[in-house]
Amino acid sequence: MRELVVGEAKPKSEEVSQLVECLQLMYHRTVRDQLLLLYSREILVLDLTINQTVGIIVIDRAMSPFSQVLSCWQRDVLFCLHESGSVSAHFRRRLLPMPSSPDTDKDNTWHA
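The sequence shown runs 6 to 117 under our numbering.
Quick caveat, the hints were computed from the structure, so don't treat them as lab data. Glycine included, every Cβ here is placed at the ideal spot set by N, Cα and C. It cannot be assumed that every hint is accurate.
Claimed, not checked - Pair ranges (Cβ atoms, derived):
1) D52 / Q29: 14 to 20 Å
2) S72 / F96: 17 to 23 Å
3) R46 / C77: 18 to 24 Å
4) G90 / D52: 14 to 20 Å
5) N56 / M31: 14 to 20 Å
6) S89 / R37: 28 to 34 Å
7) C27 / S89: 16 to 22 Å
8) L53 / F96: 20 to 26 Å
9) Q79 / E26: 18 to 24 Å
10) N56 / H87: 29 to 35 Å
11) V92 / E26: 21 to 27 Å
Model the full assembly from the supplied sequences, consistent with the hints where possible.
So, in structure tokens, the structure goes:
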């Protein structure tokens, strides 16, 4: 299913064993018409109005895999519970253009 969403024809061999199943599927509480797909090493953010993947949150291999994700309805924040019991927060920040350079307006990006 991940290959259909992201658009990859063939996943890498090491990713096949780690990203086999979707652990959790939920609607984003802050952003309307966005769906969150939780895998052990990444979170896919899908926009259902344009039918495209609009964000991918990938964790480092040294970190513990994801086990659950919670979406906050007051702010665009994702709280992630890891298998080790640790909690991480990922939020989307808009990159605003600087007055001196109008062409630096970039898409929304997710930060840890």
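Structure-based check of each hint:
1. For D52 paired with Q29, a C-beta distance near 18 Å keeps the hint of 14 to 20 Å intact.
2. In this structure, S72 and F96 meet the distance hint of 17 to 23 Å, their C-beta atoms being roughly 20 Å apart.
3. Evaluation of the 18 to 24 Å hint for R46 and C77 yields a pass: the beta carbon distance comes to about 22 Å.
4. Judged by the Cβ atoms, the range 14 to 20 Å given for G90 and D52 is violated: they are separated by roughly 32 Å.
5. The beta-carbon spacing between N56 and M31, approximately 18 Å, falls within the hinted interval of 14 to 20 Å.
6. Roughly 33 Å separates the CB atoms of S89 and R37, a value that falls within the hinted 28 to 34 Å.
7. The beta-carbon spacing between C27 and S89, approximately 21 Å, falls within the hinted interval of 16 to 22 Å.
8. In this structure the hint that L53 and F96 lie 20 to 26 Å apart at CB holds, the actual value being about 21 Å.
9. Under the hint 18 to 24 Å, the C-beta atoms of Q79 and E26, about 30 Å apart, miss the expected range.
10. A beta carbon spacing of about 30 Å between N56 and H87 agrees with the range 29 to 35 Å that was offered as a hint.
11. Between V92 and E26 the Cβ separation comes to about 22 Å, which falls inside the hinted range of 21 to 27 Å.
Figure legend: structure checked against the earlier numbered hints; hints not met, in rising order: 4 and 9.
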